[in-house]
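Both chains are sitting in their own frames, so use the hints and assemble them into the complex.
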Amino acid sequence: MKLTKTLLATTALTVAAGMASADGHMASEMTIVSWGGAYSNSQQQAYHNPYMEKTGVKIINDESSAEAVSKLRAMNEAGNITWDVVDVVAADALRLCDEGLAMEIDADEMLAPAPDGTPASEDFGDLLVGDCFIPQIVYSTTVGYRTDMVGDTPPTSICALFDTEAYPGKRALEKRPINNMEWALLCDGVAKDDVYDVLETAEGQQQALDKLNTIKDDVIWWSAGADTPQLLADGEIVMGSTYNGRLFSVIEEQKQPVGMLWDAQVFDLDGWIIPAGLSDERKARALDYVYFATDTQRLADQSKYISYGPARLSSAPLVGKHAELGIDMAPHMPTDPENAKNTFLYNYEFWADYRDDIDAKFQAWLAQ
Amino acid sequence: MTDSAMTPDEHRRADEAATGPMLAADGRPLKASLNRALRRQKLRAMMLIAPLLIFVLVTFIAPIADMLFRSIENQIVSDTLPRTTTELAEWDANSGDIPPPEVFHALFKDMFIATERKAHTRLGSRLNYELTGVSSLFRKSGRRVDDMGEVYQDQFEDLNGFWKDGENWSAMMGSGSWLSAMGDWNGNKDAAQPIFEARGDIASTLPETTAIYSEFASFVLSEEDNVLTEDPWAVVYAALYDDLANGADVSGLSGNGAAELQEAAAAVAAFETVDFTAAFADVDEDWHSIQVWETIQTYSPNFTSGYFLNAVDMQKSPDGPEMRPENQRLHIMLFGRTMFMSLVITFSCILLGYPVAWILANLPARTANLLMILVLLPFWTSLLVRTSAWKVMLQQQGVVNDTLVWLGIVADDSRLALINNQTGTIIAMTHILLPFMILPLYSVMKTIPPSYLRAAKSLGATNWTAFWRVYFPQSVPGIGAGSILVFILAIGYYITPEIVGGTTGTFISNRIAYHISSSLNWGLAAALGAILLAVVLGLYWAYDKIVGIDNVKLGG
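So the protein sequences, as listed, match chains A and B. Residue 368, in the working numbering, is where the first sequence stops; the numbers in between run on with no holes. Residue 1556, in the working numbering, is where the second sequence stops; the numbers in between run on with no holes.
Chain B on its own, in the form it takes in the complex (with noise of 0.2 Å):
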């Protein structure tokens, strides 16, 4: 510090040093007592709003951070496929050529699994989100993989009987005390079966077996049978011959097996193998096409930044993010909609509620009541029926259709389209919004004396100067308030929307209750929310700019 004056501050802590803290009755430093007294009023307000607190982060917050997680997460892909994602890694997508025969042996594997965990058909369907015909092609070689590892079954088990047997499998496979845990539990139902542990030399002599018997006794112990006696997986007989071609060393082994194993290392070599690219084209052609492989690959990461391309119309290619094709555009459009329509139903509740407000405000206590009670009918009808409604009055042989023919101002064969388009959801809203934007006026207007407008008449304003300049401003706060208040119900409307609509009046919303409730496409739901708050979010920073939170009020 340059300048030599000390403030107050500085002056009580040179002081303090001079004579030492400044003490309590208790005879404690004051600072330190006032602290602690500060200290337990908070926390004691603390623990007041605790349960709100608990109440908002369990049931509001956390559902919202984890819907809205899944607009990035993508973890489904690389946990079906493990081994495929590791090997495709190093495949070039613009070579031109398929990947190479290690990717398709792994596939084998993979799907193997899958399958037998029935993930198969779920990562097929995510996919297909992004390339059409995924899901067949899934839930197709779902049925075949089984019998694609037969073939190494059957020539093991035509060797020799003895790996035809699940109790000689888990007695080769396991450790010495996962075996005699294993028989101390003894299928006991209300004890639960020890976790698989592999013996350690044939985990470091045949380590793909070891893994993949592994998974097999996890998904065994998973569904409750015995690892023990279950008979193994086909792919795990594949595996133990890539194991054994390999040229995997089982010479040093002994104990259960031992013998078995090197009777199968000399045979091997006479093995019929399995071409799995070949096997798996003829499953379906699909399988050696470049995009296919291409959409795994772009897709093999933990967190996509897919969906939230997919919600601004864009698509993932070879050569980054690009628009999608004009035929498939929907979403920005759908979202400038969303808003112009917000704004359109904010500007007519502000018209049609700002008299009605007025009125409300300066009538006597009793008649306001009275109106106010017909004000919030609506509010207290369930929405379905207030738009079902509308649907019989506006439809084209509804009530306002035919007054207006029995009136003779529209000819019969040419009845207005009051519904089904963006006229039908504007006056719909209008209507359902409408008290959201007369309570908050209404509260507003109520406070402000009406004696400044007769001060303005005696000062010689007219009718509308005293309006527009000492009235209306003061109102602007109520109008503010209800502004915010229709303009984000709006925003976020869908029943309405979807009832009265038709195909020129729905919302962003509706798209995203299509993709929660009918494709099960989550992911795109979340991203297309995200960005619906975010923009809700934008606009409310953009108002208190502008307008100033603090010029809104809810209340008197």
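Okay, chain A solo, but in the shape it has when bound (with noise of 0.2 Å):
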């Protein structure tokens, strides 16, 4: 009989506290997905922090940005999303708006414009891929190494990959196609702007893949961005690609004996996405933490807390220095001129179309 009770007072107060939980979703709290770590750190300190004291808005965590896509179209599937903005690659942003998953932006309506007046479209320019993707930074796939085992001469060209003779030992590249292709083209002799024509066509892709099957055996392929960094502290590797935010945090903030290249480095986009489907209410307050997220000010605020360029034209004078090591954040930007003489823009549409295709060839490879 106790028991009964017991359950019965317990089940009542769980409903309770559900329907309350609910309700105060429904009022207060917002659900943000990102990628977790440090740069999860710099969202929270440069947006989250500040717009929670504005607004009283509760901003929930959620780590989860590297399944968003399977878990949003799940999400969908069943009629129930959870999210309110979510962070991700460019990449995903394309394929999310087109399987109808996010929501279409109008940048100069619903994005700040910069403080001098320039609409939110131009601040932007070419960064607003696609039609849902609300850009935040700017970050560059590039290649750090090792500064000890690279003897008196270390690599200035991203060709050094490809130099097993000049820089023996392994590399650490991505397990997959994107910018191993481009680079191994660039280093067989194909000129930049060539590189995604000749990408296009299936004797393009074998050549791409025999430049990389000269170094097959020396490569150790990654597939989590905290790979390269740890391989390259343990000496496992004498050089590999990774994101230039990880090697930034090797090189200064651990002190490592670790170089970084900045020559082809691939810029690719981080940014938001706002999920179709949300309520009414819930649209209007995810659009109104965009609005603040992504002004001049608050995104030139990230980048005291990691070195990922500000997507906004406006907001790079206003790159200041890091929160704790008080050094001068400007030459650790991607974007910053001296480090920007040589990239390559991630071409998105190429990718979304051959992307599949390519992988299909590239695993096979891999495999054999």
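Treat the hints with caution; some may be incorrect.
[As the list claims (entries may be wrong)] Only pairs whose alpha carbons sit at most 25 Å apart, straight line, appear in this in silico SDA-like list of lysine to any residue: (1) B:K1316 to A:A38; (2) A:K71 to B:E1073; (3) A:K71 to B:S1382; (4) B:K1391 to A:Q368; (5) A:K216 to B:R1324; (6) B:K1391 to A:A38; (7) B:K1545 to B:A1455; (8) A:K283 to B:D1225; (9) B:K1118 to A:S121; (10) B:K1140 to A:F267; (11) B:K1189 to A:I81; (12) A:K71 to B:L1057; (13) B:K1140 to A:R73; (14) A:K170 to A:V150; (15) B:K1140 to A:A284; (16) B:K1189 to A:F267; (17) A:K170 to B:A1411; (18) A:K71 to B:R1070; (19) B:K1140 to A:Q368; (20) B:K1391 to A:S64; (21) B:K1140 to A:A202.
[As the list claims (entries may be wrong)] So, partial list: chain A residues that the calculated Cβ filter (under 8 Å) puts toward chain B: (22) R95; (23) E165; (24) A166; (25) D356; (26) D357; (27) D359.
Just so you know, these hints were derived from the structure itself, not from any lab. The beta-carbon is built from N, C-alpha and C at its ideal position, and this holds for glycine as well.
Below, the structure is given as structure tokens:
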């Protein structure tokens, strides 16, 4: 009898709590999805904390960006979308937009203009990829190397990756065709402007794979962004590709004997999308957050915590010093003129089309 | 029946026929009363297991069935391009000609509606799995298709300002009862907007216009906008042109819009028309590529074997299924590797687990319990932690290699490659799955009386004979249970091979995970998963035939 009563009471309490939290969610909570780690921390400091202070909305962090596309699709099929704002790379934003899972964005209407009044669409410029993507940062995939393992002539060109005679040892490359195929062609004598034209053809894809084949036995293939920094720190590899922010943290924060190349760095974008199908109330709040979090000052603030470049032109002059190390962040930005002498902009349209095809060939080649 | 002898059952029946059925105490036939009691018992038993049954059905069977269904499901093509696929059915891909103008005409309508619904890019990414480039073709066409229809819209609007206004359209197209229902509803946010109903005489004179306007109306309704005032899509004007140009007889119509329709009917002959075949080629040359149309035609049916063919490295072609080009074959090799490596892992687990289980079973209880905790300890540690620990242990600058170099067993410049290859996967997975082998072995060995071994020895058997002839056969059920557990778990493993497997140590499940989370090709992932499931069930069946599932013991 007593047990039944306790059970009943517990059930009633749970139900009440559940309803209260459901109500609470509607009123003053929002779930923001991002990548976790240092990156989420920079967003917490630059966006979430000031926003919570300003509006009283409680922000719940979910670190699921790596699986955002498949999870959003599953949520959409289940008819219950629990996320309000999602941080994804531009290629994923394009896929989500194509699948109808992300809301379309009118930049001038929904995003803050620059302080001098320049409309958002001009301030972001070409970085507004697709119809649903709200750019936040520019990051790049580039190559780091062990300064103590490259002798007296540290590499200056991306093609050092393919030069096993001058730089013997293992290299780490990402376990997917993107970036690797471009670098392979570039180092096989294809002009930068022709890379994607060549890569469109079956012969061009074979040429890239043949070039990669020359170093296949020396490559460790990574799939998580933390792999290369760890392999570099352990001395497992002589050089490897990873995101520039990870290299910044290995070099400047952890003081490892690591150097980095900016040559042929591949620019990519990361930013927000708002899931399609939110209720009016949640949509309004998500838009309000995004308006706040992508204004000129906020984007510049983020670069205090992580070495990724703000996506707005108007934010660039406001980039200051690192919040803890006190060093100037501008020279560590991938967009800094000194670093951006030879860059590569990830071609979204191309990879949206060719990703499946080239990936099948790439994986078959890997498995051989 | 030829034999005249009766079975006892027949005897009883014969008795019953003679004397009537045997009765229970309450006067009812005993048989019925017994049946009823049994039925009630069964029902009670069913009710008791019902929660579990429903739970398993809802959370396990149904999602898996739904997922597997995706491996053949392909409604998206005919749902998104209904008119095009119907028109395209008669086109012969081998003729060498691009489809006739009717197909492009239908494509315009389908594409326009799909673009409004934002369904075209979805279809584009679906078809891109089959033919590279379709994704951007659809995305590009979606952006331009709006302009194609405007030619007709502009001409109607220039002809008469009546056509500019959405309210005129709804008044003309809607039935009287719908219009009055809309009047009652009057934009009330809390009430549901009435569903559009077309006017009878308009529907019969202008069938195409009505069909497309109805789609427009249902779309507006789903967007929670007001159908009465919304201006129709450009494609509705194109449909009206089609109806009028096809000689729809509007002279008999009366009521809203009749005069304007009659005016338009007289004018359409002079209208500028759009050549959709050329217009689409103008958007992208690929619309004149036979391959694109062949792909759309091949994938028009609601169900497809395409995903399964892909899962076994084949593809559809006009001449039936054929093998993919050599440089794209991947899955069969991965299936083979998964099986082979799972077998190796199972055997390593037997080799390593058997002695441990033997020691555990033969030690005094107190020591055995302590050792058991050591066996279970890794069990309680997170899988990721254990796998990452192996990474630190096995890498070239790792603990194992450092020790070997320090001992002088391997030279410093030729450290062993123990990770990012098959060796790494086998070592890490053997360790992770070892408890699943040891526990069943232990529980079976616990039940083998030690006196048997002593008896064998006292009868003159050597240690080896006693073990091999007496002890081992009794422990086989444990090996069987452990092997099934380890093998089936290994075959579906994915995190560990992903982290330590490099390129030569990954499994088919890594490919499934890739298609689920990255490429979003769930159909292919489902087909690969279905094959994997079939393989496991097949092996289970074979195991039952060869060893016998009764010989498997999970516990004493």
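Item to check | Violations among the numbered hints | outcome: Hints 1, 7, 15, 16, 19, 23, 24 contradicted; others consistent.
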